[in-house]
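Participant: Following the hints, put chain B in place on chain A, whose structure we already have.
Residue-level listing of the chains:
Protein chains: 2
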Amino acid sequence: MPKDLPETMNEIAKRRGLYWPSYEIYGGQSGYYTYGDLGTKLKRNIENAWRSHFTRHQNILEIEAPIINPEIVFEASGHIANFREYSSECTKCGTSFRADHLIEEKTGLENVEAMGGDAIKRLLAEHGMKCPRCGSPLKEPTLVLTMFKTEIGATGGITGYARPEAAQSMFINFRRGYQHAREKLPFALAQVGKVMRNEISPRRGLTRVREFTIMELELFFDPQYPGCPWLSEVAEEPLSLITETMMEEENNTPIQTTVASALQQNLIITEWQAYFMGVSQRFITHLGVPPERQRFRAHLPAERAHYSAQTYDHEVEIEGWGWTEVAGHAYRTDYDLKAHQDGSAQDMTILREDGTRVVPHVVEPSFGLDRVFLATLMTSYERRKKRNILRLPRNVAPIQAAVFPLVTKDGLPEKAQQVHRLLIDTGLNAQYDDGGSVGRRYARADEAGTPLAVTIDYDTLSDDTVTLRDRDTWTQVRAPISQLAERLKSYLRHEAEFTDLGTPL
Amino acid sequence: MPKDLPETMNEIAKRRGLYWPSYEIYGGQSGYYTYGDLGTKLKRNIENAWRSHFTRHQNILEIEAPIINPEIVFEASGHIANFREYSSECTKCGTSFRADHLIEEKTGLENVEAMGGDAIKRLLAEHGMKCPRCGSPLKEPTLVLTMFKTEIGATGGITGYARPEAAQSMFINFRRGYQHAREKLPFALAQVGKVMRNEISPRRGLTRVREFTIMELELFFDPQYPGCPWLSEVAEEPLSLITETMMEEENNTPIQTTVASALQQNLIITEWQAYFMGVSQRFITHLGVPPERQRFRAHLPAERAHYSAQTYDHEVEIEGWGWTEVAGHAYRTDYDLKAHQDGSAQDMTILREDGTRVVPHVVEPSFGLDRVFLATLMTSYERRKKRNILRLPRNVAPIQAAVFPLVTKDGLPEKAQQVHRLLIDTGLNAQYDDGGSVGRRYARADEAGTPLAVTIDYDTLSDDTVTLRDRDTWTQVRAPISQLAERLKSYLRHEAEFTDLGTPL
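Read top to bottom, the protein sequences are chains A and B. So for the first sequence, the working numbering puts the first residue at 2; every next one is plus one. So for the second sequence, the working numbering puts the first residue at 2; every next one is plus one.
Treat the hints as calculated values from the structure; they're not laboratory data. What you are looking at is a predicted structure, and each value in this text was computed from that prediction instead of being measured. Be careful, since some hints might not be right.
If several chains are the same, the list does not tell them apart, and a pair holds so long as it fits within one copy or across any two.
Unchecked claim - Below are the DSSO-like pairs computed for lysine-lysine, each with C-alpha atoms no more than 30 Å apart in a straight line:
(1) Lys387 <-> Lys131
(2) Lys386 <-> Lys93
(3) Lys131 <-> Lys107
(4) Lys15 <-> Lys93
(5) Lys140 <-> Lys185
(6) Lys15 <-> Lys195
(7) Lys185 <-> Lys416
(8) Lys150 <-> Lys140
(9) Lys490 <-> Lys93
(10) Lys410 <-> Lys107
(11) Lys15 <-> Lys386
Bound-form chain A, shown alone (with noise of 0.2 Å):
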């Protein structure tokens, strides 16, 4: 049987240093991923490309706030009361499942949680659903609440929780962020940073697991005032929707519509959430998504966080996994400011010039950094003639190019380091490779994503030119050393491509 993509690409992560499986020396830990080389730099380069598409307007600022939290932060959002899930213990090996995964395992249901603790009691039961590890008989599920807990002070005190998402330090921090925006509205604070879910049991490797990065953006809005000034840079932008109506209809064939007709047929509430999703669709395309596998999917007022008034989830199709949600954008109105007001007393509204006062409301987009970058790994895999190809987009590409000699003897090693030096230092991430025969190197250029492989030959000694070779395509042409570092420049911005480069071959 050949095997699927998560397991190529498993594979191929192990043996490139994107990623791999934590603790593997001790066993392992379910739940933990770590980042290598390759992978580091295209989070790193995936992370930037968000900043460039969603905080590119100068009243989003950005913040870094701790991950540990003291408790009354939780208990003022609503998260030690709701953020828990169902859990089934087995009455013999004492191993915990998620109730609703279970389920979805033995039936194929979707969306199980959504139903609610009654259903999933019924359907375990229905089901006569035994411990998937020993078959033995499951306990009736008990919520559990899905929070590192810990303790602040190293002699005690003060309990603390892992935030599970990076809002409440947004809305914790409101006061200070409007000061910083001089005092005007609409403002928003953005964050990216690590955050923590106490999963009961991990799966489907990097989709779910206990430590990952969040990308978040809190956009604060008078609802006097719901226009985005900005809506015009994205009205044109198609966008692929599953609507409320249509998934109490179980209608799954999403509606092909832009973000100005979605505004129209008010599929979308505020401009502001319509303005977000595309440029989330924006975002994600970058990355070499095509738009017939994303598609945003709302969720049913069931489904819906409790502070919620509409929910789109953007999904992208990945080979192996099916829709796969890689961002969320809700209306969370001025639920959470008005939380934290109760919580701590403290004043969150702001005046308007007419001397009245309000609670700012809020849109927000939220990407799990390490779904974003699993979906554009599995979207440029290419299998061709038995090699394993990323095709990752140029322009976020971990390694732009790499550098060969052709044969390591007489100098051409030498020259190959001078020409990689010579990238390097005007700021291309460039790597050289002698290891083994050109064939073998390009072969691991391409399963690493290198767009362009550079190789110095005896000719390069003479007339100081080199080849360039294409990964999408194989191709080559000859280019001179001296316009190299420009060259490739333009290409990996997109603004060349690969047969300006220099002569066909």
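Facilitator: Quick look at chain B alone, frame taken from chain A:
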């Protein structure tokens, strides 16, 4: 009484959005800080400067590993046994204090921790130390573990700890790193990430917090081949050293030497450590700290961590705080890999060409990013004509240029916004400001450390030239918009001086 620099900087930090104490609306929580937009940008620029100094060679591989580790990792590493501090609890109010810090504050002694437990107990008794909060007697001090403890898995089971440093994840991933480094020594694993230390009683603002970012590198080498091939890059870098011998003689006047000379005199015992100390000096100098405010202080054997054969702290002199550690340089030998070899029963040796096997040795440069950030900020401070100015190096300043319309009418704001967009679109980090008088806007830009201000006036409308104003000299030149982005970039890269940017005014 005039404010001291730390106090002034905290005020600037809150006003401009550099940093502030976390959880303000809930009354605060000591040991936690939040970075604002300006701080996040400056911190990221410093992180990238670290990367360009420390990871520029190809066999230095970056990784990103989880924060929460299963207990077994820290049992093997020795942290469960050793990552402890003496805590004294008040008999009446129950508050806990770090015993060595109490003694330091009362007696003016330095580095009391290094004197050991018996001395700490004796000094507490000798000085009749009382609770600083309520004046009651203190209990006998006890050693407490200063790591955050939690349970991995929502239904409990496995004990986990937040990492207090990133190094262990480099050691436990040594074999994967070796594979990705093409099975050749030397190579390094590097990591930038969050760590947590459950301080007994945090103090001195951002310098001792419970959550911070570490920038750490573990260089693995064969002790039979201890040479560093890159040594010549920094051989002549000046170093101020307080050696172990000088520490024993209580001689605090550093020797002025160089990397090469310190090695020759055996003041630094490995080439790798000398190399990284040279890079360290260069990195901190790059951030604007002059060499005379930097020194490397050796640890006495009693002060040295259990794993280290030689340790130098890189210290920066900060007004109001004195000499403050920003980095540690440790020769960790084969201690850590052997510890995890014992703990995991996995082979940590590598095979030499002659068939023998060896556990590699390790040299580690480790930076506290938040302290480097503070050292950069505090060093940059200048008070001039009753104004606060942050003379941040122009290649790390969070905002590179401010753009102002002279007045907010007659089309000047629109023209200024065009110029602002032009700069943004060429990749510059520019900010538009039209609030208040131009004088107030200059003052705001100075306090935010923005090196250049670009002012659009009535002449701009007719001749497309603008006024550029230098933060450091308050002098002005006139330059054409057509060449603005290019000239600004060469200035920010230190390829031009301010007077090269236009015609003097």
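Participant: Pop the pair Lys150 and Lys140 into one bin, within, between, both or neither, using alpha-carbon distances up to 30 Å.
Facilitator: both (24 Å within a copy, 28 Å between copies)
Participant: For Lys140 vs Lys185, is the C-alpha pair at or below 30 Å within one copy, between two copies, both, or neither?
Facilitator: The answer is neither: 54 Å in one copy and 52 Å across copies each exceed 30 Å.
Participant: Is the C-alpha distance from Lys131 to Lys107 at most 30 Å within one copy, between copies, in both cases, or in neither?
Facilitator: within (10 Å within a copy, 64 Å between copies)
Participant: If the cutoff is 30 Å on CA atoms, where do Lys386 and Lys93 land: within, between, both or neither? Let me know, please.
Facilitator: Neither way: Lys386 and Lys93 sit 50 Å apart in one copy and 77 Å across, limit 30 Å.
Participant: Quick one: Lys15 to Lys195, C-alpha cut-off 30 Å, is that within a copy, between copies, both, or neither?
Facilitator: Intra 23 Å, inter 24 Å, cutoff 30 Å: intra and inter.
Participant: Given identical chains, is Lys15 near Lys386, meaning Cα to Cα at most 30 Å, within a copy, between copies, both, or neither?
Facilitator: Cα proximity of Lys15 and Lys386: one copy only (22 Å, versus 59 Å across).
Participant: For Lys490 vs Lys93, is the C-alpha pair at or below 30 Å within one copy, between two copies, both, or neither?
Facilitator: For Lys490 and Lys93, neither the intra-copy (61 Å) nor the inter-copy (68 Å) Cα distance is at most 30 Å.
Participant: Classify it for me, Lys387 with Lys131: is the Cα-Cα distance of at most 30 Å met within a copy, between copies, both or neither?
Facilitator: neither (42 Å within a copy, 75 Å between copies)
Participant: For Lys15 and Lys93, with the copy left unspecified, which applies at a CA distance of at most 30 Å: within, between, both, or neither?
Facilitator: Answer is neither: 35 Å inside a copy and 56 Å across each miss the 30 Å cutoff.
Participant: Under a CA distance limit of 30 Å, which applies to Lys185 and Lys416: within one copy, between copies, both, or neither?
Facilitator: between (58 Å within a copy, 22 Å between copies)
Participant: Can you give me the call for Lys410 and Lys107, within, between, both or neither, at a CA distance of at most 30 Å?
Facilitator: neither (61 Å within a copy, 68 Å between copies)
Of the numbered hints listed earlier, those contradicted by the structure are 1, 2, 4, 5, 9 and 10.
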